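With the hints as extra help, turn the sequences into a complete structure.
Residue-level listing of the chains:
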Amino acid sequence: MRTRRWFQAALMLLLGLYLLETLLTGEIAFYINERFNWLAGLAGFTLLALGTLNVIALLSEPEGDESTLQGAPDLLPAARGVAHGGTARWYVLALLSLPLILGVFLPAQPLGAAAINNSGIAFSLNVSGGDQAFSIAPTQRNVLDWVRAFSSSTNIDEFGGQPADLIGFVYRDVRFDEAAEFMLTRFTVSCCVADAVAIGVIVRSEQAGGLAADSWVRVQGRFEVRDFLGQRMPILIAESIESVAMPERPYLFP
Amino acid sequence: MAQKRSLNWIGYTYSRFDRLDLGVGLTILALLGAILLTLLRGDHVGISVRRFLPQGLASSQTVIQIAFDEPLDPRSVEGKLSLTPEAAGALSVVGNQLEWRPNSPLQQGQVYTVRLEAGVRAQSGRLLLEAHAWQFRVRAPQVVFMAPVDQPVQNLFLIDPNQPDAQPQQLTFSELGVLSYDVLPDGSRIVYSELGELRTAHLRLYDLRTNSALTLLECRTAACTTPAWRPDGNVVAFERSELNLDTGAGPGAPRIWLVDVNTGISRPLFADNQRLGYSPRWSPDGAILASYDANVGGIVLFDFENNRERLIRTPQGEVGQFSPDGRWLFFPKIIQLAGTTRYVAHFVLVDVQSELLVQRDLIPDSDPNNDVELAWLPDSRRLIATRRPPEITTMQGAQLHLIDLETGAATPLVTDSDYSSGQVAVSPSGEQLAFQRFALGQSGARPQIWFYDLNTSELRLLVNNATLPRWLP
Amino acid sequence: MDFNTQLTLFSTRFLGIFIEAVSFLLLGTIVSGLIEVFVRKEDIARFMPRRPFAAIAAGSFLGFLFPVCECGVVPVTRKLYQKGLPVSVGVAFLLAAPVMNPIVFASTYAAFGFGPILIGRFAITFIMAVTVGLLFSLERSPVKLLQPRALMAMAGGSGKIAPQLDAPPLTFGQGLLRAARVATDEFFDMGRYLVMGTALAAAMQTLFSQEQIRALASDPSMSAVAMAIMAFVLSICSTTDAILALSFANFGFPTGSLLTFLTFGPMVDIKATLMYLSIFKRRLVIYLAILPLLMSLLFGIFINLNVRF
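Residue numbers (my numbering), protein chains in the order written: chain S, 452 to 705; chain W, 1374 to 1846; chain Y, 188 to 496.
If you are wondering where the hints come from, they were derived from the structure by calculation, not from laboratory data. Note that the coordinates shown come from a computational prediction; the quantities given were computed from them, not determined experimentally. Idealized CB from N, CA, C, for every residue including glycine. Keep in mind that a hint or two might mislead.
Taking lysine to aspartate or glutamate pairs in the EDC-like style, the calculated list, with each CA pair at most 20 Å apart, reads [unchecked claim]:
#1 W/Lys1706 - W/Asp1752
#2 W/Lys1706 - W/Asp1734
#3 W/Lys1706 - W/Glu1691
#4 W/Lys1706 - W/Asp1724
#5 Y/Lys331 - W/Asp1391
#6 W/Lys1453 - W/Asp1442
#7 Y/Lys468 - W/Asp1391
#8 W/Lys1706 - W/Asp1738
#9 Y/Lys468 - W/Asp1394
#10 Y/Lys331 - W/Asp1442
#11 W/Lys1453 - W/Asp1394
#12 W/Lys1706 - W/Asp1658
Output of the computed footprint for chain W on chain Y, the stretches with three or more beta carbons under 8 Å from beta carbons of chain W [claimed, not checked]:
#13 194–205
#14 376–387
#15 405–411
In structure tokens:
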């Protein structure tokens, strides 16, 4: 019983440490929208505090007395009887170590082209804030800003000739002419990766064929309004394409 | 307490299913019933029309397009679209868009009512619940031209030739100038070559349905000129000359390229980059592209259906036009009149549908007339020739004649020795001409665009200081 | 896709959902701790309207007082039960609070503006929560509804700390240690459902293609079913689901189906539903899933077939 309680305390401490560690290393950006970072931090500290208090309680309790806290009235008599003494069963402990195991032993990696296969891709995103996008200078806009601007525009032709400077990863599927076009893609995450939606702009370039899927590139060029699969949409005609490292924050936050 | 007891009583009676279970069960049944009822009541919203064209004024060759919010079931649209007054056309469905093309030009000046009956079905099974109807008016064919001639920068303009006091309307506002253009046969779009910086030239599209221009192809290191529409409007052929800006070697020779209008992807016609070519001309069915190849000294006919090339040897370096029925292609030849020192130009007709490319002369070699230009009438049986008669010197003006294809017989149409005529454009109906005239012997004269009606013989000045007239259906 | 890629995808998705949800869960635990300290049983009895309908309606608006999403609402509800909140009122709170709170109002407004989606989301959620609450008021005995754990705490006591004079008063340190013990138990009790639900959601997202579900977008009835499935599987937090719903709008999902997603999702998703098991008996958890499902489908399909926007 005490072993399990020790284990419980250790698990909470480690989970708290893990949360804080992902925050400090910035890996948290692979998992959730940055505006919830404070919440994850709070959770990390809460877990550390709870773990520490449990350790203190364990240390201050005399050996062998596992049912009541010293000096305190037994407040959970029934709970102990029914729910196994308020100490989680082994399978519960195992379950709660799963996030730790996955987080620590698997390399942290953001969603990439492979994830699009089962979450789909959007050419236009009817997200809010479309008008805001217009107040950003064209070359300062990111993929999300452009997609927003396209969606909220009433006249798609206005984008013809506008310059763009974008970073994203390369994605292709059967709809794309492999030698001449690809989608410059980013994931948008509004809450956490569960709701990740891939968005992108179509890029046409003679260099397109040489770019590996999932590689991060920076594309500079101009938009032209063209047909893609029977739909008129702005397409980025690349003037230069260079390989870049994955950005620290791989997702965009709407 | 009484309530409590009754509750217990119920709990006792329904020991396995208490009041809550009963309530939940009944609610679930009620909800399922309500869902079923809603489904049985059927759809009261249906699919809806997102966009439809044309609106307002339209060309007589206009395509009617109706886009829905969902992909359509092609079988469901048959017989659903009607025009008032009636007009025959072909209906097709691509994705969520329905398209209707008239079999013959719509009547000019007529207001048409388009009506799409309810019952058009989406692939999901949803129906169009209310008929969709709207009107548009068919405008008369217009004349497009380039002006002003006496300025370094020319732009595209439009004028209504049938309104005597019509004012030209400027279509493009290019800063460096428009070099050449072509009008799509359905009258919906114009492709033109626009001069850019460093002598580059780009291809742009002017859409008359939306009155907006957009870039079709940006040629940053080359001049892309002489665009020619494939008649279905999906591909443009053009001449591309590399400017060799980085080596300073100066502009190279032109090559024929193709650009897909829908994707903007361009490619050379021939994979071999040593193949030169210019003057692209499409056959009316879009299957053959003719162009002149100076290296082989002839007109190359490239057949897209079997990727086969055929050659018509001619040293003149000019490619004429396909006849509207697709059978003939003409090109000029220079001959010396027997027994004289005079050289004249005659036209040769090639039967492109014959395996051996059988050639015939339009007029016998003995004919002393000098034919400068030729233009087809829509019936493919008659042509308008710009001809210099034998009795005047070559310095004097060329005049318009109507030539019969079979007999070669010529009827003078517009003959005025004070003027030289050329650049004849025949209206879609074949009843009217727009052409360029230049007053000879007048200082300060500019090329003018004139209008001629074959039925009434009405001859009228359309616009001064302009060139390259083309009809916009 | 090879196994390694799948495992990495699963891990990323799992950790994403878990970090997000565990944060909200712990936030809910902190709120429930505050309730523990500041709210007394008498307060609840005093402020609750007497008539059941009024009480249930009030319960569905409690979210504006305790703004929590569907992960945080579970510990709070449990605590409120321990403070003597009637079961039916708690159910209305549990179902409505993840939507009926200022944060979700703001995010839905930001995504869709003031219009049918915003009004529909709040109105339909209210109707659904009150209906289920009223049904649950048919059974007044908490013993038959709640898990013994939640129930025993109610009977035995944490709510009785302050007035319980027969026990020796706790020092601050002892109180803190006890609170930590209670919070730890709560965390592990609900955490196991959270981990199971998260793993299930991440696995389904990794193994099944959303494209197939999206293909149903244009059918007025099947699209509502598809949206309900998406809501259940995605298990994303109600504070941000409006933004995701917008992207579904882009795939052609009609307004009614979006409302199904926006009303059903916050009430019932894999992880939240599993966490309900820490409060309610299994049978009731099933009711709590089926009733909102059918109601949100009814509303969604009805709107799809009968309302033109």
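Hint-by-hint comparison with the structure:
1. W/Lys1706 - W/Asp1752: Judged against 20 Å, a Cα distance of about 24 Å means the pair is violated.
2. W/Lys1706 - W/Asp1734: holds, 9 Å
3. W/Lys1706 - W/Glu1691: Holds - the C-alpha atoms of W/Glu1691 and W/Lys1706 are around 9 Å apart, at most 20 Å.
4. W/Lys1706 - W/Asp1724: holds, 16 Å
5. Y/Lys331 - W/Asp1391: Satisfied, since the Cα-Cα distance of roughly 10 Å is no more than 20 Å.
6. W/Lys1453 - W/Asp1442: Measuring from Cα to Cα gives roughly 18 Å; hence the hint holds.
7. Y/Lys468 - W/Asp1391: With Cα atoms ~14 Å apart, Y/Lys468 and W/Asp1391 stay inside 20 Å; holds.
8. W/Lys1706 - W/Asp1738: Since the Cα atoms of W/Lys1706 and W/Asp1738 sit roughly 10 Å apart, the hinted pair holds (cutoff 20 Å).
9. Y/Lys468 - W/Asp1394: The hint holds at about 13 Å.
10. Y/Lys331 - W/Asp1442: Not satisfied, since the Cα-Cα distance of roughly 51 Å exceeds 20 Å.
11. W/Lys1453 - W/Asp1394: violated, 53 Å
12. W/Lys1706 - W/Asp1658: Violated - the C-alpha atoms of W/Asp1658 and W/Lys1706 are around 26 Å apart, more than 20 Å.
13. 194–205: violated (count 0)
14. 376–387: violated (count 0)
15. 405–411: Since 4 is at least three, the answer is holds.
Hint compliance for this structure: hints 1, 10, 11, 12, 13, 14 are broken, all remaining hints hold.
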